[in-house]
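Colleague: Chains as they are written, first to last, in my numbering: chain B, 1 to 314; chain A, 1001 to 1314; chain P, 2001 to 2314.
A couple of the hints might just be wrong.
In silico EDC-like links for lysine to aspartate or glutamate, alpha-carbon gap of 16 Å or less [to be verified]:
#1 A:Lys1024 - P:Asp2287
#2 B:Lys132 - P:Glu2102
#3 B:Lys162 - B:Glu120
#4 B:Lys24 - A:Glu1102
If you only want the chain A side, here are some residues facing chain B, beta carbon under 7 Å, derived [stated by the list, open to error]:
#5 Asp1064
#6 His1092
#7 Ala1098
#8 Val1099
#9 Glu1102
#10 Tyr1244
#11 Ile1247
#12 Asp1251
#13 Cys1255
#14 Glu1289
Over 10 Å on every C-beta distance to chain B, these chain P residues come out as not near it, computed from the model [claimed, not checked]:
#15 Glu2002
#16 Asn2003
#17 Leu2017
#18 Tyr2044
#19 Ser2053
#20 Tyr2059
#21 Asn2060
#22 Glu2119
#23 Pro2177
#24 Glu2220
#25 Glu2258
#26 Asp2283
#27 Ser2288
#28 Asn2290
#29 Ala2297
#30 Lys2314
Everything labelled a hint here was simulated from the structure, so no lab data went into it.
Glycine included, each C-beta is placed from N, C-alpha and C at the ideal position.
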Amino acid sequence: MENFFSIDDVTDLQELLQKALKVKADPLANSKLGKHRTLGLIFYNSSLRTRISSQKAAYNLGMDVITLNIGSDGWALESKDGVVMDQGTAEHIKDAAAVISEYVDVIGIRCFAGLKDREEDYLEGVLQNFIKHATVPIINLESSTLHPLQSLADLVTIETNKNKPKPKVVLTWAPHPRSLPQAVANSFVEWMKEADVELVITHPKGYDLSSKFSNGVTVEYDQNKAFEGADFIYAKNWSSYTSYGEILSKDTAWCVDESKMQLTNNAKFMHCLPVRRNVIVTDGVIDSENSLVIEQAGNRVVSIQTVLQEFLSK
Amino acid sequence: MENFFSIDDVTDLQELLQKALKVKADPLANSKLGKHRTLGLIFYNSSLRTRISSQKAAYNLGMDVITLNIGSDGWALESKDGVVMDQGTAEHIKDAAAVISEYVDVIGIRCFAGLKDREEDYLEGVLQNFIKHATVPIINLESSTLHPLQSLADLVTIETNKNKPKPKVVLTWAPHPRSLPQAVANSFVEWMKEADVELVITHPKGYDLSSKFSNGVTVEYDQNKAFEGADFIYAKNWSSYTSYGEILSKDTAWCVDESKMQLTNNAKFMHCLPVRRNVIVTDGVIDSENSLVIEQAGNRVVSIQTVLQEFLSK
Amino acid sequence: MENFFSIDDVTDLQELLQKALKVKADPLANSKLGKHRTLGLIFYNSSLRTRISSQKAAYNLGMDVITLNIGSDGWALESKDGVVMDQGTAEHIKDAAAVISEYVDVIGIRCFAGLKDREEDYLEGVLQNFIKHATVPIINLESSTLHPLQSLADLVTIETNKNKPKPKVVLTWAPHPRSLPQAVANSFVEWMKEADVELVITHPKGYDLSSKFSNGVTVEYDQNKAFEGADFIYAKNWSSYTSYGEILSKDTAWCVDESKMQLTNNAKFMHCLPVRRNVIVTDGVIDSENSLVIEQAGNRVVSIQTVLQEFLSK
């Protein structure tokens, strides 16, 4: 594994999952592996779970950590090649990536979608430029279109909570007052397709994910029907991919509530957090015994620690 | 001690003070106690002393530290229960508290008073919600109404500088251009009432603290009279509690100057800092040999390190 | 060395350079020297290289690090003496400096020029106040008029890349859309004058540096002529010193391009970064084999680590 940008960087998912389960069982087993090695964390956007869990994972491995908020701590970065930089950006990503590589051993980057220009977002300019110009491994801390550390944490959560070999996992769209990226949904689908689960996606019409991700997956526009027999309900809002970045529905009927959970096979409830309570999901569901959201968030330490170990062990 | 929110969390003040004096005498005596343990520091508001002294104390104990600025690094948090979260807040405190508890071993939180709604401020929603929903100890880094780490540092400062068993300690209001919380004053009174001192509060009319704190304490509206025979002068501004958050006086006559210090028993001068020079206190007084403000600030490492040790030793 | 503010703090430049080369050769040779010692980093302004390289250097020495962004994390600081502080500043530098000295063992400070008032900028109020009132060593992380850590890194870069005992080093002004400080240029000149090089400065008329720095140095207003036979081209923009802070020229003819580099003795290209590509220098030059900019940035770890070692060894 040279970088951790998407599932394409994972050569053997089952092997990675087994390593993650070992990390979960004994987080301090490799507490000297990262001695005198530094993790650099670069944030274009806000973060709570990612920021804290990444640092915790690094500390578990004995690494040092340096965080940088681009645009407040640091400079605005240019990502287009060949530009005459006489406008707002003070430094080119290619220089920043090469320079930061001089100082740290692994770089994690968060950079959300702009949700204005689909083509630009799906080209993943920032992450791809860092991958191209950095000389150390790059970890995706949520990019325009993907959030693979979340997906690996989700996989660990499902693996350690499933009651049958091949559980039914339903990814359900839910309403949200703001326009959100497709990254968590795209990534979850990409990972679940490779995992030992029966995956169903449910959302209102107009919310189809890019076919690159949804190809080969059952899409069911009737949420109630989708929930039938489900072992895991994974709720998440995303804005439209086809009418890019738009909010086509705020239909509160899509909120995951107790009556809908009754349709399932006593399903566990999952969400990546932060979650809008009583918009995405009712208090009753998220505070129930079947809710895995806190354990799922806890597994964010497991997922990045597993990835860091891969890079440190090379 | 399960949390450190107020003096009510302290079962034996004398014992805690003795432990603090040991920390002051030998800060590195327990430098491995916090190995592989992490302190999370959450700031809703600016901080200099608290931010730096908390990290230093954690390092003295061998802990790792993660800091988070809510609202810039992270998300705006909802603190009301049962709310339909379709407005400005992205995450509920109950989820944030539970999640952060997955990552760190002790959480420190700073959240100042809004000074708009007295009842809301004195309910201490943010801190109390963290205490309720976190699964690790919570340390108050200054809340709406209390600043107990400052008070413990103040107690250590008085203990190590007093010339008699029961010194006279005067808390004096002083003017300030902005509306400030009552937290430092409330907390100082709460702690001094339990300590071996003779406490007098002096302030202009209209600046009485909540009776919850001032009950049983001598209040003297004549500042000169209050200063007579004082061994310690503790200056601090606060806005009105009765006319909540209002500035009722900017009377420069309340500034602590050399002539007023002449009325005392060669008193030591204290202030929690940051201080408005020549508004709260003259350069002459704060720069005099009797000024303890820098040592007092230094004791902020001692106070939080003492509290951290309590939690780590359990 | 009591502080590291300017080259005047260096008693023996050759000795310091030799120490720096040892740090470069073996960065972890003193990995326990800084145990239980803390570096405090205070930023009035944005930083990428300085922020990250300073932390990395501290970690290489086993130090802990605490960073503080003045004005966002902390408070606005007053730097004038005797002021009645009833306006915007919440704390005086003299108190902040003394307090921070209670918590950390070395303080690094970045505070750029305001570029409004030349006299004020060149008095270096912030740094000088910290030096006056702190009780621990102060490191200049780029002040109004100087950037000595950059200059030491530049010296190391030249020393390890020169092909002759006394190379010709040309500092060339280059255009920039915004008004920039003279700090990097001033400092570079100050250090090169003490080093074993032949120094030439070239810039359009009106861009002469303060005579304090340029005295005794060849200034050549014809850039092409200056480049002839150069072994190192160091590009940097600065605003006018005489018409203080003004942009007198945006002449794109001063951009360092391939044709100008042809005039040199196969010169290496240097710039402190961040750099405006195709404004200061063309992609062709900065991406060429002769470009040292990334190695030069990497040497920022070397320069601050060398300085930290000096303070820790005392």
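Colleague: The structure should be examined with respect to each hint, and the outcome stated for every one.
Modeller: The hints, checked one at a time:
no. : hint                  : verdict
1   : A:Lys1024 - P:Asp2287 : violated, 55 Å
2   : B:Lys132 - P:Glu2102  : violated, 44 Å
3   : B:Lys162 - B:Glu120   : violated, 38 Å
4   : B:Lys24 - A:Glu1102   : holds, 12 Å
5   : Asp1064               : holds, 4 Å
6   : His1092               : holds, 5 Å
7   : Ala1098               : holds, 5 Å
8   : Val1099               : holds, 4 Å
9   : Glu1102               : holds, 4 Å
10  : Tyr1244               : violated, 30 Å
11  : Ile1247               : violated, 32 Å
12  : Asp1251               : violated, 40 Å
13  : Cys1255               : violated, 37 Å
14  : Glu1289               : violated, 40 Å
15  : Glu2002               : holds, 28 Å
16  : Asn2003               : holds, 24 Å
17  : Leu2017               : holds, 20 Å
18  : Tyr2044               : holds, 12 Å
19  : Ser2053               : violated, 6 Å
20  : Tyr2059               : violated, 4 Å
21  : Asn2060               : violated, 7 Å
22  : Glu2119               : holds, 28 Å
23  : Pro2177               : violated, 5 Å
24  : Glu2220               : holds, 26 Å
25  : Glu2258               : holds, 15 Å
26  : Asp2283               : violated, 6 Å
27  : Ser2288               : holds, 14 Å
28  : Asn2290               : holds, 16 Å
29  : Ala2297               : violated, 4 Å
30  : Lys2314               : holds, 24 Å
In the structure shown, a violation is registered for the earlier hints numbered 1, 2, 3, 10, 11, 12, 13, 14, 19, 20, 21, 23, 26 and 29, in ascending order.
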